[in-house]
Every structure is written in C-alpha cells, then in structure tokens.
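Protein sequence lines, in the order shown, are assigned to chains A and B.
One point on numbering: in the UniProt record's numbering, the residue at position 175 of the first sequence is 175, and numbering is uninterrupted.
One point on numbering: in the UniProt record's numbering, the residue at position 215 of the second sequence is 215, and numbering is uninterrupted.
Some hints could be false.
[What the hints assert, rightly or not] Derived lysine-lysine pairs resembling DSS-like cross-links, with alpha carbons at most 25 Å apart:
1) B:K121 x B:K182
2) B:K183 x B:K121
3) B:K121 x A:K69
4) B:K183 x A:K69
[Stated by the list, open to error] Okay, the calculated bits of chain B under chain A, using three or more residues with CB under 8 Å as the criterion:
5) 198–211
6) 226–237
[Claimed, not checked] Label-pair ranges, simulated between beta-carbon atoms:
7) A:R95 x B:W83: 56 to 62 Å
8) B:T194 x A:E211: 29 to 35 Å
9) A:H96 x B:V19: 31 to 37 Å
10) B:G40 x A:I160: 42 to 48 Å
11) A:A156 x B:W196: 40 to 46 Å
By construction, these hints were calculated from the structure, which means they are not laboratory data.
From the three backbone atoms N, C-alpha and C, an ideal C-beta is built for every residue, glycine too.
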Amino acid sequence: MSPSAEAVVDIRGVRRVFGDRAVLNGVDLRLHQGDVVALLGPSGTGKTTLLRILAGLDAADDGRVLVPKARSVVFQEPRLVPARRVWRNVVLGSRHVRRDRSRAVRALTEVGLASHQNAWPVTLSGGEAQRVALARALATEPGLLLLDEPFAALDALTRIRMHDLVAELIGRHNPAVLLVTHDVDEAILLADRILILDGGTIGVDVTVDIEKPRQRTDGRFAELRALLLGRLGVGQATAAAP
Amino acid sequence: MSVSELEHPPVAATPPAAVEDLSPRGGRSRAGVAWRTYRGRVLRILVPALLIALWQASSALGWADEFTLPPPSRILDAYGELWSNGDLQAALPTSLQRAGIGLALGVTIGLALGLFAGLWKIGEEVFDAPLQMLRTIPFIAVVPLFITWFGIGETPKLTLIAAATVFPMYLNTYHGVRGVDKKVIEAGQTFGLTGWRLATRVILPTALPAALTGLRYAAGVSLLALVLAEQINALEGIGYLVNNANQNQRPDIVIAGIGIYALLGIVVDVLMRLAEHFALPWRPRVTIG
Ligand SMILES: Nc1ncnc2c1ncn2[C@@H]1O[C@H](COP(=O)(O)OP(=O)(O)OP(=O)(O)O)[C@@H](O)[C@H]1O
Ligand SMILES: [Mg+2]
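So here's chain B without its partners, still in its complex pose:
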C-alpha cells in the first residue's frame, strides 16, 4: 500500500442513506442518454400510434362491431368522402368563423372588464360580484333560454360562445392585474409614474402572462361552446355534418367530425403556446422532468 493511498480515506462504495448523489452520471451509456433525450418525442408518437393500431386490430379481429365502432381506415375513407363531395370545405370555415367571432367578442368584453376591475376600485366594486355570480352558471344550462331569446339562427350560437369565453378572460386578466407586485408598482411611482404611464409601463406588461393564460382558456372554451352551439339546429358547419350523419346512421362520419373538433383543439393550443412564447420572452421557463 502506497503512502498516498493511506492519506486518503477510502471512498465508500455506496453513499450513506442521508446522502444524495447529485453528481452528473458519467457512467451512463450513450444509448441511455439518447433515450432520455428523445424519450418524450418517441413516446408522444408511439403511444397514440399503438392505440390506433389496437383500434384497427379490434375490427379486423372481430372484437368490435364494424358498425358501432368503425376502424380508423373507415374514418379515413369518411374524410375522403367529405372532401370529395365538398362538405368539409364548406363546413370548416363556417365553424371556424363562428368560434372566431364568438371568441373575439367574449375576449374583448372579458379583457375590458378585467382591466377595468383590476385597475380601478370602482370597476371592481361594480363588476366583480355580478361576474363571480354569473360565472358559477354552467353555460350549457342557458342553451334553452338562448334559443327562446335569440331563435335558432347564428345569434344564439355566437352569443353562447361569447358568453362562455368572457369569464376565463375576465378572471385571469383581473387577477393578473391585481397580482402585480405592489412593491414594483411603488417603485414606478417613486420615479414619477402615475395613471396611464404606470398602467402601460408597469402593470399591464407584468399582467400579460395572466391575460394570455386567460386567452388560452377562452380559446379552448370557445371550441367547447362551438360544439354545443352547433347542436342548436345548425344548417351548416361541422355540427351540422355530425348531426346529419347521426340521423343517416353513419358513425364513421360522426367520428370524423369529432376528430375535426379534436384537431382544432390541438391547433388552438399550439398557436396559443407559440403566442405566449413570443409575447413573453422575459419569463423564465421552468419545467419539471
């Protein structure tokens, strides 16, 4: 045994229980590192693909009745059919326009009320209590009332979507504005900022993340409201396709329609995340795992 070895206490093979080893794992294989890096992407594609394969197989193996649950291949055919007879091209813009107009209306009202209630005491006193009460009404419950009030044209559909999206926008904006650090506002005041300048330089930029969260929720809710609104005797749009197919006993087209709603949901979410990414470059990005 050499002298230098004697000078160093032997290193324990495994650390005692109270110790956590956080040193970078030098020993991990390249494959392991690659797996960790790409795991997320791989699983994201693999799991849905497996589920679809299972669905297809269930038909082929006779586990599921082809008529009750048509296999994915039949759904694809249904899309082809909808496309070639022009139904899809007609329905999609109609539905998107409904959701878009309703969302724009609701978000504008929600944003205005949220800013008003957040920035001014009088706004809070006037609007917060009634909005908090209205918020508790499930918007599905008011559909019959809207039909009595507005008939069965476009008005009840747009009103429903707008009404449903006001609340997430209002709540998040209001809380965002109220949640701005009082100390930072005070610092702005010591540098002479008041009123409009204080709002545009300190309060609104700091409240923007919350407002964007509100917008993201509102966009999601607008699709939900769209589905519901299109059940109200729609004569065009995705909902009309679905209802029609239901009456004609075409579950493949019904499922295809549901698929479009789902796809719209994903597209909206991705767009909103991108918007947040570019509108909020100053936010630290933290994820776990």
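Only chain A is shown next, with the shape it has when bound in the complex:
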C-alpha cells in the first residue's frame, strides 16, 4: 500500500460524549483499500461506539468522518431477518431481490452454504448463521467492512475455521477492514495493523510485519502478543494461555 494512495476511511478528531464522559476524545484513523486493521481495547472503551460511527449508525459529536458509501457490518450476532429465507437475507438491501438471486448464491457458495440458500434462519447453527452474515456483508462488494467481534459467540474450532475463511475472503474482495476484537491472537493472525483504543484515543498503532500464514508458534508472534497484552494491562502470567 503506497502511503500516497487516497484513504478510503479518513476520520479526524472524532469525539463522542455520553452524559459527561467523552468515550471517544479525538480519534484519528486513516484506512486504505485492502488494509486490515484490528482494534483492541479494554471493555467499555468505545470500540463499538467508533465502529457504529464508521457504519453511520451513530453520529459523532465532533470531528470529521469520511467513509465509503458501500459499507457492511458483521455484528457479534448474525442479525438475520427470521422471516426471510437465507438467500433473501444475503441480498437484503438489494433493489431487485429476485434479479440478484445469483449474486446471493455466489456469496453463499463462498462461505460454503450454497446448499442452505432456501433454509430459514432459525434452522441454522450459530456458526452457519454467522457465515450467512458474512456472505451478506461481502455480497455488496463493500469498500469498508466493519466487523464487531464477529467470532466472539462461536466455539473455538468454528472460530479457527472462520479465521481462515475471513482471511481468504478479505484477500479476494480486498475491502478496507476494521476488526474489533478482544482476542489478541485473532488480531495478530488476521490484521496488518493493530490499534489499541484507550482513554478515548488510539494509544497504540503497530504494524504486523510477519508474513502470512502466521503461526502462533513463531517467535515474533509471541513477542507481539506479549507487547500487546502488556499495553492492554494484562500481565505475562495470564498471557501464557493458549
């Protein structure tokens, strides 16, 4: 990514105040096409708030927010419309739903669920529903893909599969990606850049220069994990986990 290329996301001095507390207090962020950026931070620091502002679901109180028109969000829950079949959920926002059926099926094929196109959302497992949500997000060919802890509710095995799937799909569609997560390993596995939001601003901004596919056993992986956990205020003792 050449630094001169025009940023697809450009936000400056974004503030968001709830009551008398400035949850976001001057956030700056630039993303280019193809950037995969992970956003970490302790609970309640405003990660979701920032993501909602980027999605256009909430407005900032102050600052400048420039984002692509074509944006998609995958939330922690699949948020499918229960009364619409899977393929209709995938092209939910489309102007001509029937005409776009083939696009829906193509997106479902990418997440391995083409055979479920006619299913009702209640019949899907949690992981399948989340894959449909991912297909829905990518079917619109977004310039910006926003992911708010999309794997948090999945079991460990499904999560590993989802990491591979998401990495592959991001590589193919090449949107700018902002991934909010609590999982440091997940951030290192998927992102080119990792940010930590704390005290209302982005306090840490590190580039991950480990070639993909990244192995957790890699020395640099462990080093980066230790660094990030340190900045998140978690000691080495607890950091040793998996």
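Given chain A's structure and the hints, the job is docking chain B with the ligands onto it.
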C-alpha cells in the same frame, strides 16, 4: 467373577436422587408407545363422546326434566326440523355475513391503526392513548347506546362487531411492529434499507405472527359480538331463530342454535390456525408435552 467385570464398577440399579434419567425408554412396551402416540386423538374424541352419552342417559334415567334439558337426540331432531323447513339455510348465511363484514371492517381499521402507531411515532402519539382508553370499555356496555344512535337495523349490529374487533387487531399489530428486534432493524439499515423497503422487508414480515394472533382473537371476538348483536331485535339470522324459539318455549331449538355458534367458533379457530401454519413457515414449532 471375570476380570472384565472387575474393571467396571457395578451400575447402581436406581440412580441417586440428584440424577435424572433422560435416556430413551428402551423398555417401554409397544402398546405403551402406541397409547402415548394416539392418546391425544383418542381422548379428544372420547371425552366429549362420554359427556354426550351422559347427557343422553340423564334424560333416559329421569335425572333431568326432558323439557328443561332436552337430550341430544331431541337436539338432533331440532336440527332436522330447522333444515327441512329451511330456517337454518336462511339464518346461517345471514349471520355469517354479519360476522364477516363486521370483522373485515374492524380488522382493517385495527390493522391500519396498529401499523400506523407501530411504524410512526406520530401515529403512536395520536392513536395509542385514546385506543388504550376505549379498549377498557366492555363492548357489551355500549349496546343500548348503539341502538339509540343507529336504530335496530343492520347498522348497529355491524358497528358493534366492527368496534369489538378493532382492539385485538390494533393491540397485537402495534405490539408486533414495536417488538421487532431493534438489532435486526439496524442490520437492515446498514444494508441501505430505509422507509418503505425497511418496513416491507424487515419489520412487517417479522411482525406478521403477532398480527395473525390479533386476527385470530378478532375472529373469536366477532362471533361473541355477533351473538350479542343478534339479540338486538334481529329479524333473521341464528339469533332470531334462538330468540323466536325462546318465546315459543322450544329449548331444543335454543340449544341447537347455541350449538351452531359453538361450531362456528371451532371452525374459525381451525381456519386461523391453518392460516398461521401456511403464512409462517419460518416459525419454530414448539409445544410442551
Ligand atoms: N447509547 C449509549 N448511551 C449511553 N452510554 C453509552 C451508549 N453506548 C455506549 N455507551 C457507553 O460508552 C462506553 C463505550 O461503549 P462501547 O460499547 O463502545 O464499548 P466497547 O469498547 O465496544 O466495549 P466491549 O468491548 O465490552 O464491547 C461504555 O461505557 C458504554 O456504557
Ligand atoms: Mg463492543
């Protein structure tokens, strides 16, 4: 004692109190399984049949006065009489039409108001408070007023049925629309859905179960209102048959008329359940026991 037996701890004959055995009952007899499968259907037919038999017997044994409580056989004769002199064929369509028109009116108004109040803040502000107040009036109480206002023709009857059915339809539709998961609505918005598209693709389909519940209640209420409305000096319809029979001291025909009302109630309920079944294929079907 063989070695392998020693390796396995003996299985307790009865599990300790804190343990619940949920394993499928392999030991249950075929007859037991068949009984469980058909119990519902058998009891549904058997219990009413027994009650009718008891009713018939009470007359035969002289427990009940034949005139106060005519036995089922006499009621059947009454149906035969009503049929052969053409009264039933004349009365039934009249009553059904009353209930149908009143219901259609009430449901249309209730649905429109419910959608308006559910989808738009202004609709809620304008309509919800007055409707919630009117709802508390038992519709039976307004009958005399309706007669003063509309006389004793068809108008007060249809108005009464319509008025009674507006509320269940309104309340269920309004709550259904308001109850749609905000998170799903938000997801629709992130994919560019607003206004009409958001309503027709996300909100209305998701609120449909509640609206259908409202319709089912309204259909039940319409029959209730029909019975009441037909007490207002009806000159045709089931209510007229019943009132007439009452004056002529024919309890068998009165009971036959009540039976028709009951049958209509059952038919309406079955039809509504079928409609729900086909309109809501996406709903998980859960029953207990
Ligand atoms: N609509 C709201 N009204 C009032 N306060 C809010 C609102 N939304 C968020 N907040 C507050 O803003 C803070 C940041 O919330 P946010 O959901 O962005 O945190 P987060 O970083 O996503 O946390 P988590 O990691 O637990 O998801 C919290 O203290 C929360 O209580
Ligand atoms: Mg959050």
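| field | Index of numbered hints that the structure contradicts, given in increasing order | value | Per hint list: 3, 6, 8, 9 violated.
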